[in-house]
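Engineer: Let chain E serve as the given structure and place chain B on it in line with the hints.
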Amino acid sequence: MKSDNTFRNISVSLISIWLGIFALLAFLLVVLLSFMKNDSTTIFSWQFTLDNYAALFSSLYALVFAKSFYIAGACTFFCILLGYPFAYILARKVERWKEPLLLFLIIPFWTSSLIRSYAMVAILKTKGVLNNVLMHLGIIHHPLQLLFTNSAVMIALVYNLLPFMILPLYANLEKFDNRLIEAARDLGAGKIKTFTKIILPLSLPGIVAGSILVFLPAMTLFYIPDLLGGAKALLLGNLIENQFLLTNNWPLGSAISVTLTLIMGVMLIAHWLTSKNRERGDFL
Amino acid sequence: MKTWFLGILVFLSVPAFGAKEIVNVYAWSGEIPDAVITQFQKETGITVNFSTYDSNETLYAKLKAVNNPSYDVIEPSSYYVDRMRREGMLEPLDLSKITNIQYIDPEFLNGDYDPQNKYSMPNLWGVTGIFVNKKYFDPATIQRWSDLWEPRFANQLLLLDDVREVLPMAMMSLGFSANDSNPTDIKLAYEHLLQLRNNIKLFVSDAAASIITDEDATVGMTWNGDLYRAQLDNPNLVFIYPKDGFVIWVDCFAIPKNAPHYQNALKFINFMMRPDIALQSSMAYYYATPNLAAQKLMPANIRTSSIIYPSHDILKNGQFQTDLSEQSLNLYAQYWEMLKLKM
Numbered sequence: 000m001k002s003d004n005t006f007r008n009i010s011v012s013l014i015s016i017w018l019g020i021f022a023l024l025a026f027l028l029v030v031l032l033s034f035m036k037n038d039s040t041t042i043f044s045w046q047f048t049l050d051n052y053a054a055l056f057s058s059l060y061a062l063v064f065a066k067s068f069y070i071a072g073a074c075t076f077f078c079i080l081l082g083y084p085f086a087y088i089l090a091r092k093v094e095r096w097k098e099p100l101l102l103f104l105i106i107p108f109w110t111s112s113l114i115r116s117y118a119m120v121a122i123l124k125t126k127g128v129l130n131n132v133l134m135h136l137g138i139i140h141h142p143l144q145l146l147f148t149n150s151a152v153m154i155a156l157v158y159n160l161l162p163f164m165i166l167p168l169y170a171n172l173e174k175f176d177n178r179l180i181e182a183a184r185d186l187g188a189g190k191i192k193t194f195t196k197i198i199l200p201l202s203l204p205g206i207v208a209g210s211i212l213v214f215l216p217a218m219t220l221f222y223i224p225d226l227l228g229g230a231k232a233l234l235l236g237n238l239i240e241n242q243f244l245l246t247n248n249w250p251l252g253s254a255i256s257v258t259l260t261l262i263m264g265v266m267l268i269a270h271w272l273t274s275k276n277r278e279r280g281d282f283l
Numbered sequence: 000m001k002t003w004f005l006g007i008l009v010f011l012s013v014p015a016f017g018a019k020e021i022v023n024v025y026a027w028s029g030e031i032p033d034a035v036i037t038q039f040q041k042e043t044g045i046t047v048n049f050s051t052y053d054s055n056e057t058l059y060a061k062l063k064a065v066n067n068p069s070y071d072v073i074e075p076s077s078y079y080v081d082r083m084r085r086e087g088m089l090e091p092l093d094l095s096k097i098t099n100i101q102y103i104d105p106e107f108l109n110g111d112y113d114p115q116n117k118y119s120m121p122n123l124w125g126v127t128g129i130f131v132n133k134k135y136f137d138p139a140t141i142q143r144w145s146d147l148w149e150p151r152f153a154n155q156l157l158l159l160d161d162v163r164e165v166l167p168m169a170m171m172s173l174g175f176s177a178n179d180s181n182p183t184d185i186k187l188a189y190e191h192l193l194q195l196r197n198n199i200k201l202f203v204s205d206a207a208a209s210i211i212t213d214e215d216a217t218v219g220m221t222w223n224g225d226l227y228r229a230q231l232d233n234p235n236l237v238f239i240y241p242k243d244g245f246v247i248w249v250d251c252f253a254i255p256k257n258a259p260h261y262q263n264a265l266k267f268i269n270f271m272m273r274p275d276i277a278l279q280s281s282m283a284y285y286y287a288t289p290n291l292a293a294q295k296l297m298p299a300n301i302r303t304s305s306i307i308y309p310s311h312d313i314l315k316n317g318q319f320q321t322d323l324s325e326q327s328l329n330l331y332a333q334y335w336e337m338l339k340l341k342m
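Chains as they are written, first to last, in numbering that gives the first Met the number 0: chain E, 0 to 283; chain B, 0 to 342.
Next up, chain E with everything else stripped away, as it sits in the complex (with noise of 0.2 Å):
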C-alpha cells in the first residue's frame, strides 16, 4: 500500500511541477507580458498599461476577430455537417467496421498536421491530384484554381479538425440508451421525429464538446492559411505569429493571446455549465 502511494505522489507531483512550469508559468509570462509597454529594441519596458488590450478594439484588429470567428464557425459547422452522420453511423450502424474505421480515423495522426498540410497543396495545386484526376475524367476542362483561396484553407481546416468533432460525438452516441428510441417509436414517433427530439437532443454535449475543440484550433492553425491560403487569409493565429516575428511588438501579441484563452476559458465553462444543468435535470 505504501510503495502505491508513493509512485501515486511521485507521479502527480511530477505532472504538478511539468505543467506548472512549462503551462500555468508560462502562460502567466504571458499576460504579465500583455500588460507591459512595448519596446521595440528591448522586446518590453516594465510599465504597466492597458494599451495592448485598448489596441485590440480598433477596427482593423476587431476585423481580424471577426474574420477569425466567422472562419472558424464556418469550419465548426462543416465539421458538425460531414461527422455527425460519420460518428452515428460508426456508433450505431456498423459492427464489423467500427474498429478499422476508428483505426482510419485515427491513422492521419501519426503524421504532423503540417506535413498533412503539404500533402495538401500536392493535391489542391493546378498540376495537382485533384485536377488531374478530374481532368482525366472528363469532368471538367480546365484546372480548378483552388489552391491559395479562401476554399483551400476552408478544406483544409476541416479535413484537418475533423477527427476531433467526430470522436467526442462518437463517444457520445455510444453510450446512447437503445430503449429510448423503441420508446418514442411503441409512443409513434417518427423516424425524422425520433431524431430531432431524441437523439439530437441528447447527443447535444457531443456537439457542444467537439465545436469547443474545434472552434479554438481553426483559429490558430496559422501555418494553414499560410500554406494553403497563400499567406493573405489573417486568422488570429497569423496575428499572433506577426506580432512576436515580424513587428517585434510582444506585448500585443501576449494581449490577443490572452484574450483568446479567455474566449476559451469562457466556452469551457458555458459547456460546463450546461452539462451541469442537464445532470441535474436527469434527476428531476
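Certain hints may be false.
Below, in silico cross-link-like pairs of lysine-lysine (DSS-like), each with a Cα-Cα straight-line distance of 25 Å or less [stated by the list, open to error]: (1) B:61 x E:36; (2) B:341 x E:66; (3) B:19 x B:256.
No wet-lab data here; the hints were simulated from the structure. Remember, it's a predicted structure, so these values are computed and weren't measured experimentally.
Structural biologist: Leaving out everything else, chain B in the frame of chain E:
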C-alpha cells in the same frame, strides 16, 4: 523505488555528459545544402546542429528573445548585419582564422553595412526581379514593376512574403529609392500597394520555385536563383530585370554575441568559403556566389547565365538594401501588417 527513479534521471541526463564538438548553425532555408554539412562533419568531426528560417525578422526576433539561444553561426542579409552590428548583437570575427577571404570578390568586401568585414562574410547574393510564364503573358509587355498594377493580372501575382522586398518594390514603381525612409513616401507606397490587392494571388518566400514551376502562379516577383531553378523544369519561364530598379541582396555569415562555440563557428564559416564548398552551395540552389575561385570552377552555362550573373550594365539599375532607422522599420512593419489585414 529510489534506484528506479535515479536510473531514469541518469538516463535522461546522459546526453549532457557526452563531450562532443558542436556548432549550431541557423541559416536561410534553401541556402546550405545537406551535402556540404555532411562533408564538414566528416572532415572536422564537429557535429552540426542545423536549423533554418525564412525571414530576417524571424532570425532577429529569436536572437532578441533570449539574448542568443545558443546559435553559433547565423546568416542575416546585409541590412540585418548592419542592424545587429549596431545593436551589439554580433561577435567580431577573428579574421586571422578566415583565410579563405582571399577568394572573395573585393566588390563584396568592406561594404557600407559592415566596414572591413569585422562582423560578417558574404555567402550568397542575388537579385529580386520579375518572372513571367510566357505561355500566359508576353514578357515583352512586362518590363517594369509598375506594369504589375495592370488589371489583366487580376489574382495572378506571386509576391515575396517579405516586407523589405514588397514595400521597396512599390517604392521603385513610384520612382523612389528602394531604401526610402521618408514617412510620406512610405505611406504613398503602402497606398499604392492597396491598389495592387486585387492582383495578388499569394505571398510566399521559401517555396516559390515549385509554385512557379507548376504554374500555380504565372507572374510576379522572385529571386533570380529560384527562377533559374524553376526554368530548368519549365522552359516557359522568363526572368526580367525591372527597368524601374531592383534590389540586390547579400546573405552573410556572422557569429552572434555569446555564441557557445566561437572557434567552431569560425571553422564553419571558413569552410563555407572554400572554393569547392562555395561552388557546391551556389550550384545547389543557383544563387550567385561572391567567391571568385568558385566561379572559375563553374560550368560555363551558369557562369555566363544572365539570370544568375547579370552584366554590369544591368546591375547599374540595382540597389543594395541598407538598414533603416528604428522608426522607419516600425513604419514599414505597420504598413505591411495593415496591408495583410486588408487583403
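Engineer: Hint by hint, which ones does the structure fall short of?
Structural biologist: When the structure is compared with the hints, none of them turns out to be violated.
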